[in-house]
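Number of protein chains: 2
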Amino acid sequence: MKLYTFFRSSAAFRVRIALNLKGLQYESVPKHFARNEHLAAEYMALNPQGLIPALAVDGVVLSQSLAIIEYLNDRHPVPPLLPADPLDRARVRSMALAIACEIHPLNNLRVLNYLRSELQQDDDGVGTWYRHWVREGFRGIEQQAREFSAAGRYCFGDAVSLADVYLVPQMFNARRFKTDLTPFPTLVGISTHLESLPAFAAARPEVQPDAQ
Amino acid sequence: MKLYTFFRSSAAFRVRIALNLKGLQYESVPKHFARNEHLAAEYMALNPQGLIPALAVDGVVLSQSLAIIEYLNDRHPVPPLLPADPLDRARVRSMALAIACEIHPLNNLRVLNYLRSELQQDDDGVGTWYRHWVREGFRGIEQQAREFSAAGRYCFGDAVSLADVYLVPQMFNARRFKTDLTPFPTLVGISTHLESLPAFAAARPEVQPDAQ
Numbered sequence: 001m002k003l004y005t006f007f008r009s010s011a012a013f014r015v016r017i018a019l020n021l022k023g024l025q026y027e028s029v030p031k032h033f034a035r036n037e038h039l040a041a042e043y044m045a046l047n048p049q050g051l052i053p054a055l056a057v058d059g060v061v062l063s064q065s066l067a068i069i070e071y072l073n074d075r076h077p078v079p080p081l082l083p084a085d086p087l088d089r090a091r092v093r094s095m096a097l098a099i100a101c102e103i104h105p106l107n108n109l110r111v112l113n114y115l116r117s118e119l120q121q122d123d124d125g126v127g128t129w130y131r132h133w134v135r136e137g138f139r140g141i142e143q144q145a146r147e148f149s150a151a152g153r154y155c156f157g158d159a160v161s162l163a164d165v166y167l168v169p170q171m172f173n174a175r176r177f178k179t180d181l182t183p184f185p186t187l188v189g190i191s192t193h194l195e196s197l198p199a200f201a202a203a204r205p206e207v208q209p210d211a212q
Numbered sequence: 001m002k003l004y005t006f007f008r009s010s011a012a013f014r015v016r017i018a019l020n021l022k023g024l025q026y027e028s029v030p031k032h033f034a035r036n037e038h039l040a041a042e043y044m045a046l047n048p049q050g051l052i053p054a055l056a057v058d059g060v061v062l063s064q065s066l067a068i069i070e071y072l073n074d075r076h077p078v079p080p081l082l083p084a085d086p087l088d089r090a091r092v093r094s095m096a097l098a099i100a101c102e103i104h105p106l107n108n109l110r111v112l113n114y115l116r117s118e119l120q121q122d123d124d125g126v127g128t129w130y131r132h133w134v135r136e137g138f139r140g141i142e143q144q145a146r147e148f149s150a151a152g153r154y155c156f157g158d159a160v161s162l163a164d165v166y167l168v169p170q171m172f173n174a175r176r177f178k179t180d181l182t183p184f185p186t187l188v189g190i191s192t193h194l195e196s197l198p199a200f201a202a203a204r205p206e207v208q209p210d211a212q
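Protein chains in written order, with the numbering used here: chain Z, 1 to 212; chain Y, 1 to 212.
No wet-lab data here; the hints were simulated from the structure.
Any given hint could turn out to be false.
Identical copies go unnamed one by one, so any copy, or any two together, can satisfy a pair.
Dumping the calculated DMTMM-like pairs for lysine to aspartate or glutamate here, alpha-carbon to alpha-carbon at most 25 Å [as the list claims (entries may be wrong)]:
no., residue 1, residue 2
1, Lys2, Asp124
2, Lys178, Glu118
3, Lys2, Asp85
4, Lys22, Asp74
5, Lys22, Glu42
6, Lys2, Asp123
7, Lys178, Asp85
8, Lys2, Asp88
9, Lys178, Asp123
10, Lys22, Asp88
11, Lys2, Glu147
12, Lys22, Glu118
13, Lys178, Asp88
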């Protein structure tokens, strides 16, 4: 298995966590964003979306972190990343998707670059934008975690799930952009616990081979 | 089943299509964006994310369109919205997610409002932003559809899937914002076919009870 990755990509971070949770070995193939390596013809031929991550597995190249993680969960069901009950599965997916669809897409590098280059935003403008969408998204997930977390250690119940795989990378980024996290004590508590687990710790940006 | 919906919401449009494809009856409960009805305390108590759509089903309220649609597909497996083979499932999800995570989040109403109010963008600036992200996203999906569509009638193979449920609402919005679609002939052809199917036609914004 080959993971096309970039140490700082939040979406690649999620896939690294999922691979670690499943105990799967993989080879890292770094694609550096700042050098636009993800837009080179050779990579676009593998992943026409031109985004990181992609996973070469079982003879094909899969793209989109959630599609990759659901695939890994289909093929390697233990430990499960989704609960067995369909309603619970929907609740876990809802929390993960609030990050995947409401926070991260607004705050990834290409969007921040557009704000700088096309809309003439300086660091302050970009930071304000960034923190606004984190706050908007975390507000709802904080409520959901308060309702669904059993003991403040995982987003849902008392076992790791897809929602945890999404929370930790988003929390890393929120801190990097100096977001005030005091309104989200449940999420901060859960993330702090998760970050201590080996599968999450080994996936951190700063310990990746391409982090310099 | 009660669907909290807004006629023009692209995410609600997806859920309406999925409900129709599954042949499920539901009651529409309109929440008007421009009147901020989705942010009222009563609705936030049902859906703490404060977003449209939400589905009241089986005694709970589910949020996030993809979580809702996967739930409907779990509970009502016929017709399937995902292929049986896990690799094919990942390919279909990748196409749907390229819309769900790369295009739509950047172009929904609250983001366009932020561009206008906080970043002083006029109609031209907002339109340029909108069309930029549609082009960026459609480019990769066009390639995927060219590879995976059997006869140019569906995004994947020759049956309806999750990718189709995502394509049609995004195509509606792209046209509304006057996006040049000539670089995406495969997607345009597929969407034109899909729009003729009753499940898609009945989900269109303009035929919803709250469209005025």
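Tested hints:
no.: 1; hint: Lys2 with Asp124; in the structure: neither (38 Å within a copy, 42 Å between copies)
no.: 2; hint: Lys178 with Glu118; in the structure: both (24 Å within a copy, 20 Å between copies)
no.: 3; hint: Lys2 with Asp85; in the structure: between (32 Å within a copy, 21 Å between copies)
no.: 4; hint: Lys22 with Asp74; in the structure: both (11 Å within a copy, 23 Å between copies)
no.: 5; hint: Lys22 with Glu42; in the structure: neither (29 Å within a copy, 41 Å between copies)
no.: 6; hint: Lys2 with Asp123; in the structure: neither (35 Å within a copy, 44 Å between copies)
no.: 7; hint: Lys178 with Asp85; in the structure: neither (37 Å within a copy, 43 Å between copies)
no.: 8; hint: Lys2 with Asp88; in the structure: between (32 Å within a copy, 19 Å between copies)
no.: 9; hint: Lys178 with Asp123; in the structure: within (12 Å within a copy, 32 Å between copies)
no.: 10; hint: Lys22 with Asp88; in the structure: both (21 Å within a copy, 21 Å between copies)
no.: 11; hint: Lys2 with Glu147; in the structure: between (38 Å within a copy, 22 Å between copies)
no.: 12; hint: Lys22 with Glu118; in the structure: neither (41 Å within a copy, 43 Å between copies)
no.: 13; hint: Lys178 with Asp88; in the structure: neither (32 Å within a copy, 40 Å between copies)
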